[in-house]
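*Asks:* Protein chains in written order, with numbering that gives the first Met the number 0: chain A, 0 to 141; chain B, 0 to 141; chain C, 0 to 80; chain D, 0 to 80.
Mixed in with the good hints there might be a few duds.
Not close to chain B: a few residues of chain A, all C-beta gaps over 10 Å, as computed [claimed, not checked]:
#, residue
1, S31
2, N71
3, F77
4, L120
5, K130
Computed footprint of chain A on chain D, listed as stretches where at least three residues anywhere in the stretch have a Cβ under 8 Å from a Cβ of chain A [as the list claims (entries may be wrong)]:
#, region
6, 6-19
7, 24-31
8, 69-75
Derived from the structure by calculation, the hints contain no laboratory data. Source: prediction; values computed, not measured. Beta carbons: idealized from backbone N, C-alpha and C, even for Gly.
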Amino acid sequence: MSAPSSSNDTTVEITDDVIDAAAFVGQLRPDSGAVVTFSGVVRNHNDGREVERIHYDCYREMAQREGERIVNGIKEQFDVRAVRLVHRVGDLNVGEVSLLVVVTAAHRGDAFAAIEALVGLVKERLPIWKKERYADKESKWL
Amino acid sequence: MSAPSSSNDTTVEITDDVIDAAAFVGQLRPDSGAVVTFSGVVRNHNDGREVERIHYDCYREMAQREGERIVNGIKEQFDVRAVRLVHRVGDLNVGEVSLLVVVTAAHRGDAFAAIEALVGLVKERLPIWKKERYADKESKWL
Amino acid sequence: MKVDVLLFAQLRDAISADHLELEVEDGTTVSQLAEELMASRGDERVRGLPLRYAVDETFVSDDYRLRDGDSVALIPPVSGG
Amino acid sequence: MKVDVLLFAQLRDAISADHLELEVEDGTTVSQLAEELMASRGDERVRGLPLRYAVDETFVSDDYRLRDGDSVALIPPVSGG
């Protein structure tokens, strides 16, 4: 995976490669009792149509910077330790992970609140666009 | 790992072995866009004391049955697909995972709501007890 | 009548047993059983400990009346997770 | 003055370019630029598409006034995650 940026236990990565969840979650420190992850997975159907694969377009430099603004904001707003985000772009197959975020905290309430806010901001602000390709060979930007 | 019980995409497991998160989360189906996990990790400190390791006692048969009642209740109450729970018992070192739960759903709001409720019920109802052993060799049931 | 009492965590430590076979009078509730046991066998580590009760691996209320052959677990505050 | 316009997703498809160098009048806002571009180069796939704008990889408001050399991205509704 390419170009991780790290400071103060926050990382953001935009990658063309398969996300290795075990490696991503594995490097956490034992000062946090609660580890919460969210994975976005490419679904095999949407709006009643059968999805074959998807393509993510991305404004890469901005996604990296906006991602850093988001995770740093979460780290400031909530009592959490690590806040990490990786988004895959390019072509993905059904069942593959497009987004993985991890939040660790001493207490689970903080971790849950922070990760919900984080995923909400990612979906609202990260300059990434999804095109679904359907079994009938049509495709559509969402 | 021993004695998983499965029905309708819910599983409960009480185990003496290290929890293999990748294997546990890996076997999910591509009909769910949102996968949320919660891990409870043994912290290296609690209440200002340095923790060396912990021991979990368990009423094993009841933990299995109560766990099944909990996950089945979550599955009924929320619009989710898979609800899975594994709790490790016995002796654990700092940094090891004691509890791992996974909830999958079509939509992330359902997954987040369900997993918070699930972890709350586990901590309220599962007949499992933690004894902390501290660096000064004292130990205490929590 | 006879019941089997299951003990865990600090109760097991205090009573030095993981289960006991006890003779109880007809009509005894689980909380009465626990009170008597705490009075006769408990120590300062467990007196006043709030307990819940399970019969046949299922939580029951404090006033559940024991039946001959019941297996009753005394459940100290749980701390899994 | 000259600005660089970055296009993504359905805008890139509709305009058949991933970026354009455009000559704009002093004082032009990002939303005016987008309106003119949609009128001249857009098609039915993108007309009426709600847009946000970024300059130097940072969101700006609709009434941000472009400066010479700005690199402005037109941001259709995002759908990452």
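*Asks:* When the hints from earlier in the document are held up against this structure, which numbers fail?
*Replies:* 1 and 7
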